[in-house]
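Student: Read top to bottom, the protein sequences are chains A and C. If you want the working numbering, it's the 1-based position in the first sequence plus 53. If you want the working numbering, it's the 1-based position in the second sequence plus 53.
Calculated from the structure, these hints are not laboratory results. Every residue, glycine too, gets a C-beta built ideally from N, C-alpha and C. Mixed in with the good hints, there may be bad ones.
Reference listing, derived: stretches of chain A covered by chain C, where coverage requires no fewer than 3 residues with Cβ under 8 Å from a Cβ of chain C [to be verified]:
#, region
1, 57-63
2, 70-82
3, 132-141
4, 144-155
Cut-off 30 Å, straight-line C-alpha distance, at most; resulting in silico cross-link-like pairs (DSSO-like, lysine-lysine) [as the list claims (entries may be wrong)]:
#, chain 1, residue 1, chain 2, residue 2
5, C, K118, A, K161
6, C, K103, A, K103
7, C, K161, A, K118
8, A, K103, A, K118
Protein chains: 2
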Amino acid sequence: MVQYQEQLDRTFAALSDPTRRGILERLGRGSATISELAEPFGISLTGLGKHVQVLEEADLVRTEKVGRTRWCSLGPQDLDAERRWILGYRLMLEERLDRLGELLERTKGQES
Amino acid sequence: MVQYQEQLDRTFAALSDPTRRGILERLGRGSATISELAEPFGISLTGLGKHVQVLEEADLVRTEKVGRTRWCSLGPQDLDAERRWILGYRLMLEERLDRLGELLERTKGQES
Chain A
54 MVQYQEQLDR TFAALSDPTR RGILERLGRG SATISELAEP FGISLTGLGK
104 HVQVLEEADL VRTEKVGRTR WCSLGPQDLD AERRWILGYR LMLEERLDRL
154 GELLERTKGQ ES
Chain C
54 MVQYQEQLDR TFAALSDPTR RGILERLGRG SATISELAEP FGISLTGLGK
104 HVQVLEEADL VRTEKVGRTR WCSLGPQDLD AERRWILGYR LMLEERLDRL
154 GELLERTKGQ ES
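Model the full assembly from the supplied sequences, consistent with the hints where possible.
Tutor: In C-alpha cells form, the structure reads like this:
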C-alpha cells in the first residue's frame, strides 16, 4: 500500500510539468539524446537533464549511455495505477451526483 | 492550449500527495469540516488547511464558511483532461509495442 502510494506520488509529480509531459510525448515517437530533447523546449542541457532525472525516478523514462551520448527512451511505467485512481475518483463523483439526484426526487415527492 | 497545460500542471501536482488524495476520497463520502478532515491524518489544522488550499486552487475542492466553521466538499474538476492525457499516453505505449513487434517479425522473416 505504501509502495502504491509512493508510486502515485512520484508519477503524478512527474506529470505536473509541461516540459516533462512534452518529453514523454516526444519519446513516444522514438528514442532521443538529451540534446535532441532540449532543442524544441529551448532549455539548457542541465535543465533538461533534471527533468529527465525526475522522469527516470518515476520509471517513465530510461536512459542509456552509449559512448559520450546519453540516449533516452520510454520506461516501464504504464500509468495503470494512475488511470485506475482517476477512474475510481470519477466513479465516486458519479455516485455523488446520483445521490443528489435521488435526494432531489424525494424532495419533489414531498412537495407535491 | 496554455490553459489546458496549466490545468494539468495544477491537478497532477495536487494529486501527487497521499494526504491530498486521502482528503478527496474522504470528501467523496460527504462534506466535512477542516477539523473532521485533519483528525484521521493526524496533522495540524494549519497543515491540513494548506493541503485544502492546493486542492481548492485545482478546483478539486470547494470550501464554504458557515458561521465560524469552514465546510469542504468536492469541487467541479472531474479529471477528464487528466484521464484523456493518461489514455493518450497508454495508446502511444501500445503503438510503440506494436511497432517493436512488427520489427521483430520482420527480423525473424529475414533470418529464415
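Student: Each hint needs a verdict: does it hold in this structure or not?
Tutor: Hint by hint, here is what the structure shows:
1. 57-63: Check passed, 4 qualifying residues.
2. 70-82: holds (count 6)
3. 132-141: With 7 residues close enough to chain C, the hint holds.
4. 144-155: holds (count 4)
5. C:K118 <-> A:K161: Holds, at about 28 Å.
6. C:K103 <-> A:K103: holds, 27 Å
7. C:K161 <-> A:K118: Measuring from Cα to Cα gives roughly 28 Å; hence the hint holds.
8. A:K103 <-> A:K118: holds, 16 Å
Consistency note: the structure conflicts with none of the earlier hints.
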